[in-house]
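Chemist: The primary structure of each chain is shown beneath.
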Amino acid sequence: QVQLVQSGAEVKKPGASVKVSCKVSGYTLTELSMHWVRQAPGKGLEWMGGFDPEDGETIYAQKFQGRVTMTEDTSTDTAYMELSSLRSEDTAVYYCATGPHRYSGSYYNYWGQGTLVTVSS
Amino acid sequence: DIQMTQSPSSLSASVGDRVTITCRASQGISNYLAWYQQKPGKVPKLLIYAASTLQSGVPSRFSGSGSGTDFTLTISSLQPEDVATYYCQKYNSAPSITFGQGTRLEIK
Numbered sequence: 001q002v003q004l005v006q007s008g009a010e011v012k013k014p015g016a017s018v019k020v021s022c023k024v025s026g027y028t029l030t031e032l033s034m035h036w037v038r039q040a041p042g043k044g045l046e047w048m049g050g051f052d053p054e055d056g057e058t059i060y061a062q063k064f065q066g067r068v069t070m071t072e073d074t075s076t077d078t079a080y081m082e083l084s085s086l087r088s089e090d091t092a093v094y095y096c097a098t099g100p101h102r103y104s105g106s107y108y109n110y111w112g113q114g115t116l117v118t119v120s121s
Numbered sequence: 001d002i003q004m005t006q007s008p009s010s011l012s013a014s015v016g017d018r019v020t021i022t023c024r025a026s027q028g029i030s031n032y033l034a035w036y037q038q039k040p041g042k043v044p045k046l047l048i049y050a051a052s053t054l055q056s057g058v059p060s061r062f063s064g065s066g067s068g069t070d071f072t073l074t075i076s077s078l079q080p081e082d083v084a085t086y087y088c089q090k091y092n093s094a095p096s097i098t099f100g101q102g103t104r105l106e107i108k
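Those protein sequences? They're chains A and B, same order as listed.
Under this note's numbering, residues 1 to 121 are what the first sequence spells out, in order.
Under this note's numbering, residues 1 to 108 are what the second sequence spells out, in order.
Isolated chain B, as found in the complex:
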């Protein structure tokens, strides 16, 4: 099975900072990569799909990049409401859809 490894597992940044979260696949997955945001006690929210396509309604400070095995989620200017846990997900083949372990983002 293809494994998805996110880093860091947690990070603390200041409002206005540029924040980058990475996700690495153990094998190439083309661009079949999605990113989700989950705030405490809430349902996950889709941010990015196809590695770099911004879901409708998501603020433009969020962006995704990468292809193959290495992917990044970037928040260009961190806002207080971005405090959440972020997950990557590979979805290139139904039998082995996998989420990363999550990255907890806090405000410094």
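So that you can see chain A by itself, here it is in the shape it has in the complex:
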């Protein structure tokens, strides 16, 4: 059973960066393909990017290209999502999410608890 535990809520000023962590237990990161999804208040789910096992690379949604960086520390089985040049529209709950195994396809049966990032001056 995979468990994903995310870091706590953040409050950032416009223009700053935020880095959210996602600690994996029950499996190792190398057994999974970690993705990130966000949800603005009262809005729907928005895919940000994730690991593509076919290419061995992390793929980002075009909307976030140049502003988001997703990394993994396999020594601690922790994934990270860093979003820069924050603006008020980035206020959202950020989720890490993954499927049952690395090559299962990019649907998500495991989700972190979510991290609220608030961007406000």
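No lab work stands behind these hints: they were computed from the structure.
The beta carbon of each residue, even a glycine, is placed where N, CA and C say it ideally should be.
A few of these clues could be false.
[Claimed, not checked] Pairs of lysine to any residue residues, derived as SDA-like cross-links and limited to a Cα-Cα distance of at most 20 angstroms, are as follows:
#	chain 1	residue 1	chain 2	residue 2
1	B	K39	A	E46
2	B	K45	A	P41
3	B	K39	B	S76
4	B	K45	A	G26
5	B	K45	A	G42
6	A	K19	A	Q113
7	B	K42	A	V117
8	B	K39	A	Q39
9	B	K45	A	Q113
10	A	K43	B	Q101
11	A	K19	A	T74
12	B	K39	B	T74
13	B	K39	B	E106
14	A	K63	B	I2
15	A	K43	A	V119
16	A	K13	A	T69
17	B	K45	A	Q1
18	A	K43	B	V43
19	A	K43	B	G102
20	B	K42	A	G44
21	A	K63	B	S96
22	B	K45	A	V2
23	A	K12	A	T69
24	B	K45	B	S60
25	A	K13	A	F64
26	A	K43	B	Q6
27	B	K108	B	Q79
[To be verified] These stretches of chain A come out as covered by chain B in the derived footprint (C-beta under 8 angstroms, 3 or more residues):
#	stretch
28	39–52
29	99–107
30	111–121
Given chain A, put chain B in place with the hints provided.
Modeler: Quick look at chain B alone, frame taken from chain A:
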């Protein structure tokens, strides 16, 4: 990019009703379609993947069908605990994973 359009955006039904939510892809996606349920303030929960495969532990009143561009999520007999927002998601290619806009389901 392939767009996913859900309908209706909201619906109200009575306990015991059969409820159907549809999701249409702007291009064919084979069966790379998942459905999620999200209750207020909660994390999304996977219901269906590969268009029609029921995730383990999900009640059998939930079912999915479709292939190509048109998909449906059906709740055979609506229960009070099914009040939630439902999302479809296409996942056929990593660079363009897309969620539908969601369908809010309420009890009449």
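Chemist: Against each hint, give a clear statement of whether it holds in the structure.
Modeler: Here's how the hints hold up against the structure:
1. B:K39 <-> A:E46: Within the cut-off at roughly 17 angstroms; holds.
2. B:K45 <-> A:P41: holds, 18 angstroms
3. B:K39 <-> B:S76: holds, 19 angstroms
4. B:K45 <-> A:G26: Holds, at about 19 angstroms.
5. B:K45 <-> A:G42: holds, 17 angstroms
6. A:K19 <-> A:Q113: Answer holds: A:K19 to A:Q113 is near 16 angstroms, not above 20 angstroms.
7. B:K42 <-> A:V117: Since the Cα atoms of B:K42 and A:V117 sit roughly 16 angstroms apart, the hinted pair holds (cutoff 20 angstroms).
8. B:K39 <-> A:Q39: This hinted pair holds, its Cα atoms lying about 13 angstroms apart.
9. B:K45 <-> A:Q113: holds, 12 angstroms
10. A:K43 <-> B:Q101: It holds: about 8 angstroms lies between the C-alpha atoms, which stays within 20 angstroms.
11. A:K19 <-> A:T74: holds, 17 angstroms
12. B:K39 <-> B:T74: holds, 17 angstroms
13. B:K39 <-> B:E106: Holds, at roughly 11 angstroms.
14. A:K63 <-> B:I2: holds, 14 angstroms
15. A:K43 <-> A:V119: holds, 16 angstroms
16. A:K13 <-> A:T69: Since the Cα atoms of A:K13 and A:T69 sit roughly 19 angstroms apart, the hinted pair holds (cutoff 20 angstroms).
17. B:K45 <-> A:Q1: Roughly 15 angstroms separates the two Cα atoms, so the pair holds.
18. A:K43 <-> B:V43: It holds: about 14 angstroms lies between the C-alpha atoms, which stays within 20 angstroms.
19. A:K43 <-> B:G102: holds, 9 angstroms
20. B:K42 <-> A:G44: Holds, because 13 angstroms separates the two Cα atoms, which is no more than 20 angstroms.
21. A:K63 <-> B:S96: holds, 11 angstroms
22. B:K45 <-> A:V2: It holds: about 14 angstroms lies between the C-alpha atoms, which stays within 20 angstroms.
23. A:K12 <-> A:T69: Judged against 20 angstroms, a Cα distance of about 17 angstroms means the pair holds.
24. B:K45 <-> B:S60: holds, 15 angstroms
25. A:K13 <-> A:F64: holds, 18 angstroms
26. A:K43 <-> B:Q6: Answer holds: A:K43 to B:Q6 is near 14 angstroms, not above 20 angstroms.
27. B:K108 <-> B:Q79: The given pair, whose Cα atoms are some 11 angstroms apart, holds under the 20 angstroms limit.
28. 39–52: holds (count 6)
29. 99–107: holds (count 3)
30. 111–121: holds (count 4)
Figure legend: structure checked against the earlier numbered hints; every hint is met.
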